[in-house]
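These protein sequences, in sequence, are chains E and F. The opening residue of the first sequence carries number -7 in my numbering; numbering runs sequentially from there. The opening residue of the second sequence carries number 85 in my numbering; numbering runs sequentially from there.
Treat the hints with care, since some could be wrong.
[To be verified] Simulated crosslink set (EDC-like; lysine to aspartate or glutamate; CA at most 16 angstroms straight-line):
hint: 1; chain 1: E; residue 1: K17; chain 2: F; residue 2: D304
hint: 2; chain 1: E; residue 1: K264; chain 2: E; residue 2: E331
hint: 3; chain 1: E; residue 1: K4; chain 2: F; residue 2: D304
For the record, the hints were derived by calculation from the structure and aren't laboratory data.
Spelled out from the first residue to the last, the chains are:
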Amino acid sequence: MSDTTTAAAGDKIRCDACPVMCYIKPGAAGACDRYANHDGTLVRVDPHVVLERTVEHGGKLVPFQVSGDWDGKIVRQPDLFVTAIGAGTTYPDYKPAPFIVSSEIDGVDMVTVVTEGIFSYCGVKVKIDTDRYLGPETATVRAQGEAVGHVTTSEYGSQMLSLGGVHHLTGGSKKEGRVTCDTLMDLSNCKAVELTIDGGATVVVQAGKPPIVNGVAEERMRVGCGSATIGMFAKQWHGKVDEVVVVDDHITGVLSEHQAGKLLDIADTGIKMKGRRSTPGRYFQVADPGTGWGGTNISDPLSILGPFNPKEAKAGLTMLMVSTTGEHASYYVLDDTLEPVETEMPADLKFSVERIQENCEPALCTVLFMGGAGGSLRAGVTDNPVRLTRSVKDALTRVTSGGAPVYVWPGGGITYMVDVTQMPAGAFGYVPTPALVAPIEFTMRLSDYAALGGHMDYVRPLSSLRDSADVRPMPSIMGRRA
Amino acid sequence: MTRLPQIALLPDGKRLHLQDGPIDLIVEAKGGSEVEVRAAYLMAARRFTGLLDELCGELTELRRAADPRKCSLSGVVAHRMYTAVAPFADKCFITPMAAVAGSVAEEILGAMLQAAPLDRAYVNNGGDIALHLTGGEQFSVGLLDRPDRHGVMRTMTVDADSPVRGIATSGRHGRSFSLGIADAVTVLARSASQADAAATIIANAVDLPGHPAVLRVPADELQPGSDLGARLVTRDVGRLSPAEIEQALETGAARARGLLTSGLIEGAALRLLGETVVVGAAAEALPASQALHGSAIENVMHVL
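Next up, chain E with everything else stripped away, as it sits in the complex (with noise of 0.2 angstroms):
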């Protein structure tokens, strides 16, 4: 981007790109639709128009094998895979209309419609790997103070979020839709977003990175529940220390009272815990969530204990506790009063919780890009748009998104997702509209293509798009595929 085109953010600009001369808002697109104003930039936003489109002008989509005559396999391993990515923007100036359908369908010679209208159903689903309290579940989630999307379900050692749609991206106002837009777009280009949460936490999510909450690097996932770290780590316990207390939001884990202690015969310890008994030495709701110990409210793990039963309690008791990452832990021993007092731990005990924290995996953020390919996307590839439906389905069709693996959905339509950090740099664009611009590819036997209704007369050779200056290699970036 260079500075001489660079206005003040706010501003609108003129287009020099032909002489109708448009004042352009930000975000919005001059009267050709082909040019821009991002944040004072213009900028072309030719869409990655529909593969009908493109494919009608000359299609670059059907991938080929390098040389030689087809031979009949899938293409396997993308030593060379022609992506869709840049797919709408064809040669220099060149805007397929994307209001004219030329080729013949139905013996109709040609097609009238309105122009434009490319609108967008599609999201993005966050994974991110914290035992921290994000906020309650359907909570609304705000980027630049616009609702963007909502907390969803808390899974395994992780809080999904569900961001986009078609209703934040154009059920809102125009500010929730732009936002909602970039927000997309840079979670799916694995850009930090910095997210917050109504009633919850502050959260900056990248792709692949870890998940920042309330301005702390979260490092490592939980190495599972409290009860389960109970059940994983029991025996190297036992013999070591009398007690040993797992802290979790969601089910603490207590030892002599968990069937991993009754079978090693450990004694009760007399613990009173608080919160709700699920099971024996399981407990929901010890405290309240929040960010500290183990997804929990508390900074002091005995605020989650009653006093000591002194039928079974004895004055130098010892007691481990210990959060489901390792990441919080102190050893206590009972005095005469069968009050815990924290004690230096011992080395031994040191070597457990240090064995947690190296089997807890590195905590991270993923994103999920989720998109629908139905009806017209379809249409562009064949001209019985339903039997690419179900030859996806069959698989003799593979779907791809920038070459990356996607997970296509049961049910109706095309509706797919993908790992963006598998998808090459910059795969996704945007129009000002506005809605997300997202590369898929279909791949087929040729045969298979034939017979599903495909448009055999745009079908190049790869060999031709070589030498093409409407091919561009994709540059490589590390940790991500070429």
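Mind docking chain F on chain E? Use the hints.
Here is chain F on its own, set in the frame of chain E:
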């Protein structure tokens, strides 16, 4: 250096693609010989070069409300635009820009016909189409209500005996804004410029003034310099009851019947939220084949 438009044959080798700024044309001609077709394409390209600059030279005036009494425009295309909108100018706000697409299509078709005697030709300017037909030639025209979806809503046949030589579509999904709520209004008229202006007028008439489910925004807020100024244009249409849809369509259809009676149009198809009303010649239109318009199509796509 002079800015040159994009001029290329489409991959089928038959159709010509011309693009300059916001103008995007698909052209196809059929003549006695290949030489004639080539001569026509050459002339189309020649006429197209500089046409946008010609229009932009009078852009300020073209964006003003047309004065029903006199035309102060000088360009041939600008004058055609004015002539097309003038019949509406005393009753409502309309600028010559309402007929720009059809007028350009007509101009290019005219240039082609000067170069060679063609049997059949069309210039499709983003859905606003100028037609040329002789003898037993005919065109089948497909109507779509939503450009982002595939599937022909309806097809129509125009033959040489029919007076129709222009087709245009207007609606709220278009690149230009609409004051009404119609998804698409397609008009058949004696010329493309007339069809273009009438489609705008009828699409504006398909409306439910003050309805809370209709989101309207000042045009110049979306596009500074829009010829519609601060007039409210339709951004979104929420849920409407079947009665409301019928009412809005009927308002538009009444306008269309008026234009039909006064000879300004030959027919119109009005589309709103899945419902269609047809007026005049378009009434002969046949429903499209179901193959491309099943429920799967309604299922939406949107990669984008």
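Outcome of the hint check:
1. E/K17 - F/D304: 10 angstroms, holds
2. E/K264 - E/E331: Holds, at about 12 angstroms.
3. E/K4 - F/D304: Roughly 12 angstroms between the alpha carbons, so the hint for E/K4 and F/D304 holds.
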